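A.B. asks: The primary structure of each chain is shown beneath.
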Amino acid sequence: MSVAASSVDREAAVSPGRMQGVLSGLAALVRRPNGAFGLSVAVGMVVIAIFAPQIAPYNPDAQNIPAAFQGPTTAHLLGTDYLGRDLLSRLIYGTRIELSVALPAVAIAVLCGLVLGLAAGYFGGLIDSVLVVIMDTVQAFPAVILALALLFLLGPSLGNVRIVIAIAFVPNYARVSRASVYATKQNLYIESERALGASHRRVVLVHLLPNIIAPLLILIAMDTPSAIVTEAGLSFLGLGVQPPTPSWGVLLSDGFTNVYTSPWEIIFASLALMVATLGLTMLGEALRDVLDPRLAGSRGSERS
Amino acid sequence: MVVYLIRRLIMTVVVLILLASLVASLVHFIPGNPITIVLGPRANPALVAQAEREMNLNRPIPVQIWLFLSNAVRGNFGSDFLNNAPVSQLIMAALPYTVTLAIAALLLVVLVGVPLSVYGARRPDSWADRASAAVSISLITMPPYVAGLLLLILFPVTLHILPAIGAGSFSDPLGYLEHLILPAIALAVGWIGYIARLLRASMLEVLNTSYVRTARSWGVKERIIFYKYVLKNAVIPTIAILGVGLGQLIGGAIFVEVIFARPGLGTLVYDAIQQRNYPVVQAGVLIIGVMFVFANLLADLSYRFVDPRVRVELGRLRR
Amino acid sequence: MSGTVLSVKDLTVTYRVAGRNVAAVDGVSFEVQPGEILGIVGESGCGKSTLSAALLGLLPRNGAIANGEIGLRGEGLVGATAERMRELRGGQIAMVFQDPLTSLNPTFTIGSQLVDALRAHRPGRGGRAEMREKVIAALSSVGIPAARERVDSYPHELSGGQRQRVMIATALMLEPAVLVADEPTSSLDVTLEAQILHLLDRLRREHDTAIVLISHDLGVIAQSCDRVIVMYAGRQVESGDVGELFAQPRHPYTQALLAAAPSLSRRRDRLLSIEGRVPSLSALPGGCKFAPRCSYAEDVCHEREPGLHAVGSQLVRCHAYARDSGYRGTVTQLTSRAEALAGQSDRRTESSVEDK
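Note that the protein sequences, when read in sequence, are chains A, B and C. Residues 35 to 338, numbered by the numbering used here, are exactly what the first sequence covers, in order. Residues 518 to 836, numbered by the numbering used here, are exactly what the second sequence covers, in order. Residues 15 to 370, numbered by the numbering used here, are exactly what the third sequence covers, in order.
The reader is advised that the hints may include incorrect statements.
Here are some chain B residues the structure puts well away from chain A; computed CB gaps all over 12 angstroms [what the hints assert, rightly or not]: (1) 520; (2) 631; (3) 660.
Among chain B residues calculated to face chain A with C-beta under 8 angstroms, some are [claimed, not checked]: (4) 536; (5) 543; (6) 662; (7) 772; (8) 775; (9) 786; (10) 810; (11) 814; (12) 815.
Hint data in this document are derived by calculation from the structure and do not stem from the laboratory. A quick note: this is a predicted structure, and the numbers were derived from the prediction, not measured. For each residue, glycine too, the CB sits at the ideal point set by N, CA and C.
Bound conformation, chain A alone:
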């Protein structure tokens, strides 16, 4: 009963007045404190990434060995690293690197996962069973370990890290879309539509997609910080982005090598990572509250 009702509601929200739906959703998001914070972090990161050349005070690769290992000064607001490179500039360009790895990786995962999950759910039978088995096996590894194995074989590079992270995340999206297909399949009115001759494409577009959008968006919002953290970890181990490209993980690695000399590189790179993770995760939580309060669980002890 409630499934039918909610899919009808979402249909109404998605087709006509779709723009209004999106705008009012955004307003609801910003009203929440974690939504506002998350959104500003996300927007901030995108802006910093796009305008890095304009914002950064120095060239991130410009070495200045006499000025190496400095703490925060007026010349270098966040200090310098072991080659005298300005940390602030490297962090700013690092934002660019992070987003250029995380966002495409998640996008690839979404696309592949959606297609695979839709196929599995729609065609069922052997295709479905095979897919489930493969996904379970991929998820039987901690993501980092899988990534390590793949990077060992593929060779460490920024592009390969993207692929590897995408592979690790595909099962999430395959699961979600497969589940949505099954949930929608159960709706009797689809059967009657098909009996009336509606094409597969119409069924997918009108019935499936609106139901998937909400959980998908939430998953994307939660996976992006996860991708950033994974990439930073892999780059820290030297298996991801290679120096001198200033991924935050590379900065951590440089800082680690020289930890007894100067802690600043580690401190600032950690801060950047934590703020980014916190902001994007909060954005994900706020999205979840706005789009699907059922998933939110109880907050405080007030009850209607």
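Since the structure of chain A is provided, determine the placement of chains B and C on it from the hints.
C.D. replies: Quick look at chains B and C alone, frame taken from chain A:
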């Protein structure tokens, strides 16, 4: 119950076999000559020829998988590339350090996370609750390598207490513990925050249920309601999460071991990757995957033991 | 028979919703004697559940008793400390809830839950074994078969009807002076309903328990209660002796309720329903709350809220029965309708007596 157990165990075995097959055949999913891929930059004609002879990489894939599996089951993972030492020996030497690290971290998660969440649930929306929420949330954002690095800076580097390198030896328990503290904390930190939030939310949910209302209507003391009823009911979904957590702890251990130079499984695999020591990488990845699967299995089973609804249902299945 | 065991005077309960205070119960008063069953009847949203929660001090965090008094054996409950309320709950005033399927903790055996209830009121008195025996005795006295084995079962191993009996068994065991039964039979079928009502009757006969029976089911009320209060939008609109109320319903809402109740003894082409909807508590009309739906409403009804007026042995909140309210319609008009309906309800009460 028995039927379910058997079914679950069979599933686990299937997953393990698939896991091992994946590990065995992974190199073939990548375009290129498997031998040159494996050897990487070290490839030279002599090495390639040797690898061809010893590694079966050019035999049909199902044969490779079969060989790998049948050897693995017997504990034979071949010899490593560097010293021709039996890989299984290397793994057995490294494993205890990783296991103790993971268990220590898990203990910390429980011992710190549970009280933190209880405190928050007993006085929801108070200043103390909000403060512990802020702490929990910031902890969640710390991946193990960030926590490890920051701890490294704070204690050994700046304050000069607690060692930064190595694991000590089992024969010196106090020293061993000293070497264990920082890595365990680094590993546990993220999960402490997560468990604190999760358990708190779960407890608050239970506090709003009908059966807690019933107990209150009988005049049962609030303390008993909380520590007996609420805790038990809220712990059940948390155990399932903890199981996954154990697996993730194992995955995060590699960072912590590298940062603190602990000679565990993580360092073994890491070094092997740098040295292109393929058999060690293969075996290490497999073992970690197996540990992950078992951790999940353990969590799943214990969850079903604790929840009486599932227990009795399964018992009924038997009849 | 001693004096009034539960007295409620002018009780008003509010909830804080979206920054405003909304009254879910407004100015309700009644008294219950030992061994008496008072029914509270009304549609959903009329405030009956809020009333029961207020009696036990189990209002949610955003609820509060804004006004009025509750007296339990002479002790005022409204200002009582949380600890005092806890002491009173179960032993002096207890409650049976509507949803037996969720009212018991699924991860503990019913035996251990009942022992916990017992221990809350007799600390230190008797060891586990003794308490266990008491629990088993209580369970078998409500008709749970094989109580000695069942005491170690989990709630989900029992049926809904059995779980409801476990709840009543707890009440029997604790021997409260007042039992509030909030829709105790709503989720049960007719045979189980009869059994539960029978149990409640036993409680009042054997232990002199005063019972507040809340229900939306007129048949249940007619069968079991001595007196009844009809509630609408948080207010009591009519109250008094149950036989009198069914024979001569005076308030238009009561009349409509009785008319709308389907009856086997009268053929009808369609089910009557009361036009309109129950008003939202945060947007109540001025004047009489039932006026928008009342077919007898006049101007004065929309302007001023009526007070409770005594009519015979009943209390009615309606301008039509007030001598100086300005209501112009004739009382005869309403009473004749009441008498017309009385013909139907007589037959109804007769048939329900037979079912006993």
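A.B. asks: A separate judgement is required for each hint: does it hold in the structure or not?
C.D. replies: Structure-based check of all given hints:
no.: 1; hint: 520; verdict: 21 angstroms, holds
no.: 2; hint: 631; verdict: 18 angstroms, holds
no.: 3; hint: 660; verdict: 5 angstroms, violated
no.: 4; hint: 536; verdict: 5 angstroms, holds
no.: 5; hint: 543; verdict: 6 angstroms, holds
no.: 6; hint: 662; verdict: 5 angstroms, holds
no.: 7; hint: 772; verdict: 6 angstroms, holds
no.: 8; hint: 775; verdict: 7 angstroms, holds
no.: 9; hint: 786; verdict: 7 angstroms, holds
no.: 10; hint: 810; verdict: 6 angstroms, holds
no.: 11; hint: 814; verdict: 11 angstroms, violated
no.: 12; hint: 815; verdict: 14 angstroms, violated
Going down the numbered hints, you'll see the structure goes against 3, 11, 12, while the others check out.
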